[in-house]
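Take a look at the letters that make up each chain.
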Amino acid sequence: MRRLVLILALLLAPLQFAGLRADDTLPPAPYAYRQLDDPKLEAKAQKLMETIRCLTCQSQSIADSDASLAGDMRSQIRERIAAGESPEAIRQWLVDRYGDYITYSPRVTSLTWPLFAAPLAILALAALLLRRRFRRGDGA
Amino acid sequence: MSEGTVRGPRLSLWLPLALFAAIVALVAWGLLRPASRDIPSRFVGHPLPAFNLPAASDDRPGLATADFAGKPRLLNVFASWCIPCAAEAPQLEQLRAAGVDIYGVAVRDQKADLAGFLARNGNPYARIGADDRSVVQLAIGSSGVPETYVIDARGVIRYQHIGDIRAEDVPMILGKLRDAAQ
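Going down the list, the sequences are from chains S and F.
Take the first sequence: its letters are residues 241 to 380, numbered as in our numbering.
Take the second sequence: its letters are residues 33 to 214, numbered as in our numbering.
In short, the hints are calculated from the structure, not lab data.
We treat Cβ as the ideally placed atom computed from N, Cα and C, and that holds for glycine.
Check before you lean on any hint, since a few could be wrong.
[To be verified] List of simulated lysine to any residue pairs, SDA-like, C-alpha gap at most 20 Å:
1. K143(F) to L266(S)
2. K143(F) to S299(S)
3. K103(F) to D133(F)
4. K143(F) to P327(S)
5. K143(F) to L360(S)
[Said to hold, decoys possible] Chain S side only, calculated, beta carbon under 7 Å to chain F, not exhaustive:
6. D263
7. T265
8. G339
9. L370
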């Protein structure tokens, strides 16, 4: 364990001395951490941001992420909602650029329909099996 | 042995074990071959969106959509704070020496940091636009730095390269530029 820590420290040391960071130093975009003044518009923006995937930290939504790209996306989404654009139009704009990957609220497409159909099929099968079993119970 | 049954165990008795083995195989396959974390842009094949970025450095002009007219060029999305961007600098220089116009989009960068980066790693860019709020980056479906796009003479995105350009990628990029010229 101690050896591992030592190796890690040695590996990371040159990065510190060269002054290299893998992150930017610009201040966040205006609406990255600031809510819209109108609570109705802010609620709309918030609802959308919670279902847009962060491109940097890929298992978080942009509402949950402090990555600078996520901040820029929040700011852009708030500004576009404030300008009157609909949340679904913004989602479509992002899907046009990043594919279904970007949205946490999947749509029914030729690729995704089994996701929606499978639970219904399993429920129907279960109902069928239960009905058979109960009927058998009645007869016995 | 239960009384009355002389047959061996039914085949369906093995079903749970077979299912279990199938799940183990699926998980092992996922562990051994992890999915790519690259997010390809769906905007390849579309014309560049309209943008007009101010100059990010003192000795290169800014960058607008109209600057791409005339011949195929590279659009390189980069930043001084991005470590692989420094790693691809020699390859960009090699492309520039081969006569390729490289236009840079500097994402969320400070002028002084960018000047230091260009002084350290060389400046292969004919133009560098400052994308302080990742607006152009989002508009072309780029999800990180560095990324390099081949743009044809009509301003249409023809190819996206995700990650740094390695030495072995240079002939491929030159090929994509030639394809874009046709």
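Now the hints, each set against the structure:
1. K143(F) to L266(S): holds (10 Å)
2. K143(F) to S299(S): Answer violated: K143(F) to S299(S) is near 32 Å, above 20 Å.
3. K103(F) to D133(F): holds (9 Å)
4. K143(F) to P327(S): violated (35 Å)
5. K143(F) to L360(S): Status violated; Cα separation ~57 Å.
6. D263: holds (6 Å)
7. T265: Cβ of T265(S) sits 6 Å from chain F, so the hint holds.
8. G339: This hint holds: G339(S) lies near chain F, its Cβ roughly 5 Å from the closest one there, short of 7 Å.
9. L370: With Cβ-Cβ at 19 Å, over 7 Å, it is violated.
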